[in-house]
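Same order as they appear, the protein sequences are chains A and B. Position in the first sequence (from 1) plus 359 gives the number in the working numbering. Position in the second sequence (from 1) plus 3 gives the number in the working numbering.
Rather than coming from a laboratory, the hints here were simulated on the basis of the structure. Computed from a predicted structure; not experimentally measured. Any given hint might turn out to be false.
Unchecked claim - Straight line, CA to CA, 16 angstroms or less: simulated EDC-like cross-link-like pairs of lysine to aspartate or glutamate:
(1) B/K127 x B/D30
(2) A/K475 x B/E88
(3) B/K433 x B/E88
(4) B/K433 x A/D464
(5) A/K590 x A/E562
(6) B/K163 x B/D263
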Amino acid sequence: MISKDSDIILSVKNLTATVEETPILKGLNLEIKAGEIHAIMGPNGSGKSTFSKILAGHPDYEVTGGEVIFQGQNLLELETQERALAGIFLAFQYPIEIPGVSNLDFLRVAYNSHRKHKGLEELDTFDFEDLVEERLDVVKMDASFLNRSVNEGFSGGEKKRNEILQMALLEPSLAILDETDSGLDIDALKIVANGVNQLAKPENATLMITHYQRLLNYVVPDFVHVMYDGKILQSGGKELALKLEDRGYDWAIEEHEAALV
Amino acid sequence: MSTQFATQERVSYLTQLLNLRSPANSDFSEIRDRAAVWLQELAIPTTRDEDWRFTDLSSLLDIQFQAPPKVEISPETIAEFVLPETAQSHLVFVNGKYASTLSNLEALPEGVFVGNIAQLSAQKRDRLGEYLAQQPGNEEVFTTLNTASLSDVAIVWAAKNKAIETPIQLLFVAATGDAPTLVQPRCLVVAEAHSSLTLIEQYTSTTAGCPDAKGDRVYFTNSVAELWVADNAQIEHVRMQRDAGNAFHIGKTAVTQSRDSRYTCHAIGFGSKLSRHNLDVFQAGEGTQTTLNGLTLISGQQVADTHSTIALNCPNGTANQLHKCIIDGSAHGIFDGRVCVPKAAQLTNASQLNRNLLLSPKARVNTKPQLEIVADNVKCAHGATVSQLEEDEVFYLQSRGLDRQASEHLLVDAFGAEILQQIPVSSIGKILSQCVSCRTYLT
Numbered sequence: 360m361i362s363k364d365s366d367i368i369l370s371v372k373n374l375t376a377t378v379e380e381t382p383i384l385k386g387l388n389l390e391i392k393a394g395e396i397h398a399i400m401g402p403n404g405s406g407k408s409t410f411s412k413i414l415a416g417h418p419d420y421e422v423t424g425g426e427v428i429f430q431g432q433n434l435l436e437l438e439t440q441e442r443a444l445a446g447i448f449l450a451f452q453y454p455i456e457i458p459g460v461s462n463l464d465f466l467r468v469a470y471n472s473h474r475k476h477k478g479l480e481e482l483d484t485f486d487f488e489d490l491v492e493e494r495l496d497v498v499k500m501d502a503s504f505l506n507r508s509v510n511e512g513f514s515g516g517e518k519k520r521n522e523i524l525q526m527a528l529l530e531p532s533l534a535i536l537d538e539t540d541s542g543l544d545i546d547a548l549k550i551v552a553n554g555v556n557q558l559a560k561p562e563n564a565t566l567m568i569t570h571y572q573r574l575l576n577y578v579v580p581d582f583v584h585v586m587y588d589g590k591i592l593q594s595g596g597k598e599l600a601l602k603l604e605d606r607g608y609d610w611a612i613e614e615h616e617a618a619l620v
Numbered sequence: 004m005s006t007q008f009a010t011q012e013r014v015s016y017l018t019q020l021l022n023l024r025s026p027a028n029s030d031f032s033e034i035r036d037r038a039a040v041w042l043q044e045l046a047i048p049t050t051r052d053e054d055w056r057f058t059d060l061s062s063l064l065d066i067q068f069q070a071p072p073k074v075e076i077s078p079e080t081i082a083e084f085v086l087p088e089t090a091q092s093h094l095v096f097v098n099g100k101y102a103s104t105l106s107n108l109e110a111l112p113e114g115v116f117v118g119n120i121a122q123l124s125a126q127k128r129d130r131l132g133e134y135l136a137q138q139p140g141n142e143e144v145f146t147t148l149n150t151a152s153l154s155d156v157a158i159v160w161a162a163k164n165k166a167i168e169t170p171i172q173l174l175f176v177a178a179t180g181d182a183p184t185l186v187q188p189r190c191l192v193v194a195e196a197h198s199s200l201t202l203i204e205q206y207t208s209t210t211a212g213c214p215d216a217k218g219d220r221v222y223f224t225n226s227v228a229e230l231w232v233a234d235n236a237q238i239e240h241v242r243m244q245r246d247a248g249n250a251f252h253i254g255k256t257a258v259t260q261s262r263d264s265r266y267t268c269h270a271i272g273f274g275s276k277l278s279r280h281n282l283d284v285f286q287a288g289e290g291t292q293t294t295l296n297g298l299t300l301i302s303g304q305q306v307a308d309t310h311s312t313i314a315l316n317c318p319n320g321t322a323n324q325l326h327k328c329i330i331d332g333s334a335h336g337i338f339d340g341r342v343c344v345p346k347a348a349q350l351t352n353a354s355q356l357n358r359n360l361l362l363s364p365k366a367r368v369n370t371k372p373q374l375e376i377v378a379d380n381v382k383c384a385h386g387a388t389v390s391q392l393e394e395d396e397v398f399y400l401q402s403r404g405l406d407r408q409a410s411e412h413l414l415v416d417a418f419g420a421e422i423l424q425q426i427p428v429s430s431i432g433k434i435l436s437q438c439v440s441c442r443t444y445l446t
């Protein structure tokens, strides 16, 4: 949903970053306003997953230049958990399994860390259970998931649904979905996409990182960006995704390189 | 020459320890004498002994131990160690001696005897010779020292066909004065055919409320527990060791299992200056099931060593072992586990895994899982892992709003939880899981 006077949620200017001294991001620019859904598409190795991890504060990447302003704050100065508490949520491409910690306990600890940050009283086990059971419906999850260890033995689809459940509980201002669609069958994809659509509100924003156009049939983006070699080559509306699907990334890359000559 | 001198020193040191024993009681004079003769041939092991390669007892030799003083301790002192489930089913030994005023056995059902040797019926006393100091492996040096010094024994004896639901707690408390003290607790557990029981064997000290607080008292606990699991009987055994900071703890658990019996050990060690658990299980009948779960939690300069042997001697036995160590600071963990599958033990199903979590760059572990298989129709697996907290796991939790310390705590707790969640007495799991994160971040 595009609205001209919406607040800017995320503003990325000329961002450069390296991993073990290899440049990955080479001057990335992006602006996301409240109410918008953005998709970054690109071939493997274009740096799109790196970008999502840098936004969330992964320690393996070093930002070497540029700026990232998130709701008026300099995001790059914040620790990982401070970014989470400020309203950034990254749905992982490969959610981590934590044997020995029940999903319910994990969700409650995460939820309460946000409550505490907002100066609200933490929810006890019983109140939290009521809340989480209500949110389970967003991703059509069975309550039995709550008593299992975090992601342990979950199928690919269950792990991704569990990510969206966390998102439903934490209500971020910016949700970043890193390859959330990869590895999902069509039924799981529909459930996940339906969850994302339910959670998209005028006051928040969604950034989807994806290799495939398929997801965008179910979560329709307002903006599509093509990423290649650490930069955004082209931006457009949802029709850009269809063009990419049709003609492949090579077309966008060639067009970009031709423009440089 | 110097080696010989060192050996001489280690022989005479052992004799000094033996000389601390209290005068013979007629019940035990024969057993004690036999062990005392063996002891003349033995010495405190050195790191040249394969079984003690990584655990150096030299620091023990510098200390002149004394016999434990007579101490009266108040019920309040031990109240914190008594579990809600065993409020009326706990037996307390202070410095190896039965403390009747601290014990409470009111909730014990019919069909089980819990008490010290003096309270044992004449009938059972006649059968004591079949069990006391009769386990294989008795000739091991510290077991021999304990046997040669026998003066009191905690006894749990379940009668045939009796399923004892109430958990039974044996609490061995070291209450020592300023002088270094040698304490030698002993216990004997007999589960007769088709009986079942849950036992909590606990070693601790009165030095401080939380035994993790730095204790300056020096004592040496040398314990021996003998368990007999008769045909089709079952024992769930929780062994908890939490000693003061400067203590030495060497403990033996010897278990003999008869046909179709089930034995599960949950061995939880919080370490001391130097701690060693020797855990020996002998499967003496067909279709026997053995499960050994263990968790060692150490930090600072602690050394904690677990040596286990499961000897499968008959067909259709199963053995499952999972031992975990969480090691922080400059602490040093040792795991040496043998699973022996001789020719007779066909159709054995055995697995053994030792997993270690190192929380600091100076923490270290030596691990040696061993399968010795002669039988040819068996299913056996073993392995060991050594890891640190995964940065990606910490990042995942931080990205959900937990700070770094809370994330690490959660992951350490989760590592220990696999063992703690299986403990059949629920309060123990709760108490210990609180200790896991508390403990590992003390240093």
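Status of each hint after checking the structure:
1. Distance restraint check for B/K127 and B/D30: the Cα-Cα separation of roughly 13 angstroms lies within the 16 angstroms cut-off, and the hinted pair is therefore satisfied.
2. Between the alpha carbons of A/K475 and B/E88 the distance comes to roughly 35 angstroms, so the proposed pair goes past 16 angstroms and is violated.
3. Our distance criterion of 16 angstroms between C-alpha atoms is met by B/K433 and B/E88, whose separation comes to about 13 angstroms.
4. A threshold of 16 angstroms between alpha carbons decides the hint, and for B/K433 with A/D464 the separation of about 14 angstroms falls inside it, so the pair holds.
5. Under the criterion of a C-alpha separation no larger than 16 angstroms, the hint pairing A/K590 with A/E562 is inconsistent with the structure, at around 27 angstroms.
6. Taken as a hint, the B/K163 and B/D263 pair is honoured in the structure, with Cα atoms around 15 angstroms apart against an allowance of 16 angstroms.
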